[in-house]
Amino acid sequence: MGKPTLWTFAGYVTEAGRHIVQEWYDSLPIEEYEELQDLLNHMASAEKWTRPEFDKVTSPLHEVRVKANIANHEVRVYGVFNPDVRHQFLFLLGVTAKKKDKDKQGQDKALARLALLKQRKASTHEFVIESRSAGSDSTQ
Amino acid sequence: MSLLSKAGLLARIRRNKESRARLVASNLDKGIAFQIRATREKQTLTQAELAIAAGMGQNNISRLERSDYGKYTISSLKRIADALDVALVVRFVPFGQYIDWLSATPYLDEGLRPEALAVPSFEDEEKSGKHEAQIRYFALHLTLPVAASPNHSEVSGVYQSRFVAPVSIPAQESQVA
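Protein chains in written order, with my numbering: chain X, 1 to 140; chain B, 1 to 177.
Only chain X is shown next, with the shape it has when bound in the complex (with noise of 0.2 angstroms):
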């Protein structure tokens, strides 16, 4: 067993519990999915994340990002800092947005999801960044 990363993810589970952030990662392009893949494997391991993959929002929302399949798109996940563990990044939202749109639409909406964490209303849960690789994507 090798050593624990540095830094570790969770995804937020709805109050029907649904794990709804998962969900959208496990259904995205097998390309983005695997260059979104690779991309939390490094940042797990470094020390600070700086732009141009991950970025502060509005506070306290921040999001990674990697390119889309689209042109001029990228996917982003938005996300905060867990209050409540040490090194770990909580993902709220995940969307495919044109490059230079702020998707104030997105923001509101994970937002709106970590009011309702703190209100108790939502969970979490620990995400896992491999969760499709050895079976589903064969035939994609």
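Some hints here could point you the wrong way.
As the list claims (entries may be wrong) - Quick list of simulated restraints, FRET-style, between CB atoms:
#1 Asn-59(B) - Pro-60(X): 47 to 57 angstroms
#2 Lys-127(B) - Pro-60(X): 20 to 30 angstroms
#3 Asp-109(B) - Val-85(X): 31 to 41 angstroms
#4 Leu-28(B) - Arg-51(X): 16 to 26 angstroms
#5 Ser-123(X) - Lys-127(B): 44 to 54 angstroms
#6 Gly-129(B) - Asn-72(X): 22 to 32 angstroms
#7 Gln-43(B) - Ala-16(X): 43 to 53 angstroms
#8 Val-128(X) - Glu-18(B): 21 to 31 angstroms
#9 Asp-55(X) - Pro-114(B): 45 to 55 angstroms
#10 Lys-98(X) - Lys-42(B): 49 to 59 angstroms
#11 Glu-23(X) - Gln-43(B): 36 to 46 angstroms
#12 Ser-128(B) - Ser-59(X): 54 to 64 angstroms
#13 Ser-128(B) - Lys-56(X): 42 to 52 angstroms
What the hints assert, rightly or not - In silico lysine-lysine, DSSO-like type, Cα no more than 30 angstroms apart, as pairs:
#14 Lys-48(X) - Lys-78(B)
#15 Lys-6(B) - Lys-67(X)
#16 Lys-42(B) - Lys-48(X)
#17 Lys-78(B) - Lys-67(X)
#18 Lys-42(B) - Lys-56(X)
#19 Lys-67(X) - Lys-42(B)
Please keep in mind that the hints were generated in silico from the structure rather than gathered at the bench. For clarity, every value in this text was computed on a predicted model and none was experimentally measured. Using N, Cα and C, we set each Cβ at its ideal position, and we do this for glycine too.
Fit chain B to the supplied structure of chain X, relying on the hints for placement.
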């Protein structure tokens, strides 16, 4: 340290040639950007200071630290390695060794030898069953305790031990273990 498992990476490299090429390019681009950035910051250098030390423009350093850039040259990497006073390794390796490294699976690097120069292709490795081994590791074999050894009078007080060659354990067996 890795969030990627050997089984997951094996699935990726077995998908198709395009997938293998994408795995290499993606991790090369990210690895170079993350390493330059982290090493520069560890040495408390700004991008401008590193640029001067490497005889490059600050814009070049900024671009090389972008994980989505991917247009570096070996020449520029050598200059940065020299400026940071670190070594640079550029090698072709078999996919089996590559996924061991990416998944933080211990493996034996035997240095320069014919196979390290004429690198086996993915297909060559598949044919030889190399990828079937889940774990390759050093085994430390201890002989029987001295008291039970027929030669105990000759080696009194010493447990003989020796390192043996790396052992490959087939997938099924290692999962059971």
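Hint numbers not upheld by this structure, sorted from lowest to highest: 1, 2, 6 and 10
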